[in-house]
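Participant: Protein chains in written order, with our numbering: chain A, -5 to 132; chain B, -5 to 132; chain C, -5 to 132.
For the record, the hints were derived by calculation from the structure and aren't laboratory data.
Note that the structure is a prediction, hence the values are computed from the model and not measured.
A portion of the hints provided could be inaccurate.
[Unchecked claim] Simulated crosslink set (DSS-like; lysine-lysine; CA at most 25 Å straight-line):
1) C:LYS(-4) <-> A:LYS(-4)
2) A:LYS(-4) <-> B:LYS63
3) B:LYS(-4) <-> C:LYS29
4) A:LYS123 <-> A:LYS29
5) A:LYS29 <-> C:LYS123
6) B:LYS(-4) <-> B:LYS29
7) C:LYS123 <-> A:LYS(-4)
8) A:LYS29 <-> B:LYS63
9) C:LYS29 <-> C:LYS123
10) C:LYS123 <-> A:LYS0
11) C:LYS0 <-> C:LYS29
12) B:LYS(-4) <-> C:LYS0
13) A:LYS63 <-> B:LYS29
[Unchecked claim] Now the stretches of chain C that chain B is said to cover, found in silico as 3 or more residues with beta-carbon under 8 Å:
14) 2 to 13
15) 20 to 31
16) 51 to 62
17) 85 to 98
Think of the CB as a built atom: it goes at the ideal place given N, C-alpha and C, for glycine as much as any other residue.
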Amino acid sequence: MKSYRKELWFNVSARRAFINITPQVEDCLRQSGIKEGLALVNAMHITASVFINDDEPGLHQDYDVWLEKLAPHDPVSQYRHNVGEDNADAHMKRQLMGREVVVAVTGGRLDFGTWEQIFYGEFDGGRRKRGLVKIIGE
Amino acid sequence: MKSYRKELWFNVSARRAFINITPQVEDCLRQSGIKEGLALVNAMHITASVFINDDEPGLHQDYDVWLEKLAPHDPVSQYRHNVGEDNADAHMKRQLMGREVVVAVTGGRLDFGTWEQIFYGEFDGGRRKRGLVKIIGE
Amino acid sequence: MKSYRKELWFNVSARRAFINITPQVEDCLRQSGIKEGLALVNAMHITASVFINDDEPGLHQDYDVWLEKLAPHDPVSQYRHNVGEDNADAHMKRQLMGREVVVAVTGGRLDFGTWEQIFYGEFDGGRRKRGLVKIIGE
C-alpha cells in the first residue's frame, strides 16, 4: 500500500469564500503515483469546509446567502462562543457544508461525475489556513 | 490491496425520493471478495445525496418536509443559480444530507449498527443519474 | 494492509450531549500499530453523530441551541416518525452534524490541525449506544 500526504495553504482576505481546489488535488494524485484507492481531502481548521459541488458563481452566492440565513454571523452576541471571538457562526456553517470529502481513485484519476468539483469553503478568513490531502492505495 | 468499483444507476420520476440501496452495496461487497477494508458510496451528481439513516417511511416524509423548510424549492427566482435551471434548492438539500458515506468492511460484511441503512437521496429527479461504490481492502 | 476495529460504548443520561472521544481514538490507533492510512470513526446509531470541531463548552451550548432551532424536538406531534417514538428531531440533528469522520493517519498519529477534536454527538440519550473505529493502513 502506498500513501501520500500534502498540505494545501490558503489565505483568503474576505471572511467567506469558496475556492476550487480540484486542480491541486489532481496534482497531488499525479505526484502520489496511486492508481486505485481513496483520496481524503479535509479542512484542518474547524471554521472551514471541504465539499464537492458545482463550480457556478451564482450557486456560490446562493450558498453564501443560505448559510447566513441558517447560521447568521450577526448579532455576534447571540453565541456564547463569541467571548473575544466573533466566529461562532463559522463553526456552524462548516458543519452544514462538511469537514471533508472522500473520493474514489480509479485508473489514476479522481473518479468523478460530470460536474463534481472540490471546494475549500472559508467561513472565517483573514489569515493563513490549511487543508490536507491524504491518498492511500496502489 | 484489492479494489472494486461499480456504478449504480437511478431514474427517479419524481423530483425527490429516498431509495434504500443497501442490498446493491452488499452485492458489490460480495462481488469484491474484500473482507477487511473501507467502502465508499457517493452520489456522482451534485443534486443528490448518499446517506445512512432509518428505513422508515414516516421519517422520510419528515425529512422531505424539513428539507423543504430549510432549503425551499419555491420561489425558484430567489436563487441566482436558477437561470435556465430550477434546481438550486437541490444543491442545498444535498449539502444538508451529504454526498457520501464511508462504511467499515469487517469479516466480509458492512459493519453496521442495527438500524443503519444506506439511501440514495434524489432532490432533482426526472432523469438518469449515478452513484458510485468503491471498496478497498483485502 | 493491516486493519483494526473497535466499538466505543456510550451511555448518556441526558437527551443530548457532546463527548470528546479523541483520546479513545488515539488509543485505538496506538493499539492498531498502523502508521500510514485512514481512520473511520462513525456512530452506529442513526440518532447520533461523530464530528470534528472545537472542544469549547460555549460552542457546544451554541450548537445545542442552533440544532434545536433548525430541527426542534417539540412539538413531537409535528413529525410522522413520532408514532410511539419522540426522536424524529434526533434523526435530523444527526444529519446536520454528520454520521462519521475520516481522519488521515500519518507517522502513527491522527493527522490533525491545531484545534481538531473528535466528538460523539448524542441526540437521543438515555440508553447504551455505540460508535465504531475502523483503521486501515500499514
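Participant: Are the hints correct? Go through all of them and say.
Facilitator: Evaluated hints:
1. Our distance criterion of 25 Å between C-alpha atoms is met by LYS(-4) (chain C) and LYS(-4) (chain A), whose separation comes to about 13 Å.
2. Pair hint LYS(-4) (chain A) plus LYS63 (chain B) does not hold up; C-alpha atoms about 45 Å apart against a cutoff of 25 Å.
3. For the proposed pair LYS(-4) (chain B) and LYS29 (chain C), the alpha carbon gap of about 20 Å is at most 25 Å, so the pair holds.
4. For the hint linking LYS123 (chain A) to LYS29 (chain A), the alpha-carbon distance of about 29 Å lies beyond 25 Å, and the restraint is violated.
5. Taking the CA atoms of LYS29 (chain A) and LYS123 (chain C), the gap is near 38 Å; set against the 25 Å cutoff, the hint is violated.
6. A C-alpha spacing of about 10 Å is found between LYS(-4) (chain B) and LYS29 (chain B), which places the hinted pair at or below 25 Å, so the restraint holds.
7. Between LYS123 (chain C) and LYS(-4) (chain A) the alpha-carbon distance is near 35 Å, which puts this suggested pair outside the 25 Å criterion.
8. At most 25 Å may separate the alpha-carbon atoms for a hinted pair to count; LYS29 (chain A) and LYS63 (chain B) exceed this at roughly 42 Å.
9. This hinted pair does not check out: LYS29 (chain C) and LYS123 (chain C) have alpha carbons roughly 29 Å apart, beyond 25 Å.
10. Of the pairs offered as hints, the one joining LYS123 (chain C) and LYS0 (chain A) is violated, with about 36 Å between alpha carbons and a cut-off of 25 Å exceeded.
11. As the CA atoms of LYS0 (chain C) and LYS29 (chain C) are separated by approximately 17 Å, the hinted pair is consistent with the 25 Å bound.
12. Of the pairs offered as hints, the one joining LYS(-4) (chain B) and LYS0 (chain C) holds, with about 23 Å between alpha carbons and a cut-off of 25 Å not exceeded.
13. For the given pair, LYS63 (chain A) sits about 45 Å from LYS29 (chain B) by alpha-carbon distance, which is inconsistent with the 25 Å threshold.
14. Restraint check on the region 2 to 13 of chain C versus chain B: 0 residues with Cβ-Cβ distances below 8 Å, three needed, restraint violated.
15. Interface restraint, the region 20 to 31 of chain C with chain B: violated (0 residues with C-beta to C-beta distance below 8 Å; minimum three).
16. Closer than 8 Å: that is the beta-carbon criterion, and the region 51 to 62 of chain C has 0 residues meeting it against chain B, so the requirement of 3 is violated.
17. By the rule of at least three residues with a Cβ nearer than 8 Å to a Cβ of chain B, the coverage given for the region 85 to 98 of chain C holds, with 9 such residues.
Consistency with the previously given hints fails for numbers 2, 4, 5, 7, 8, 9, 10, 13, 14, 15 and 16, ordered from lowest to highest.
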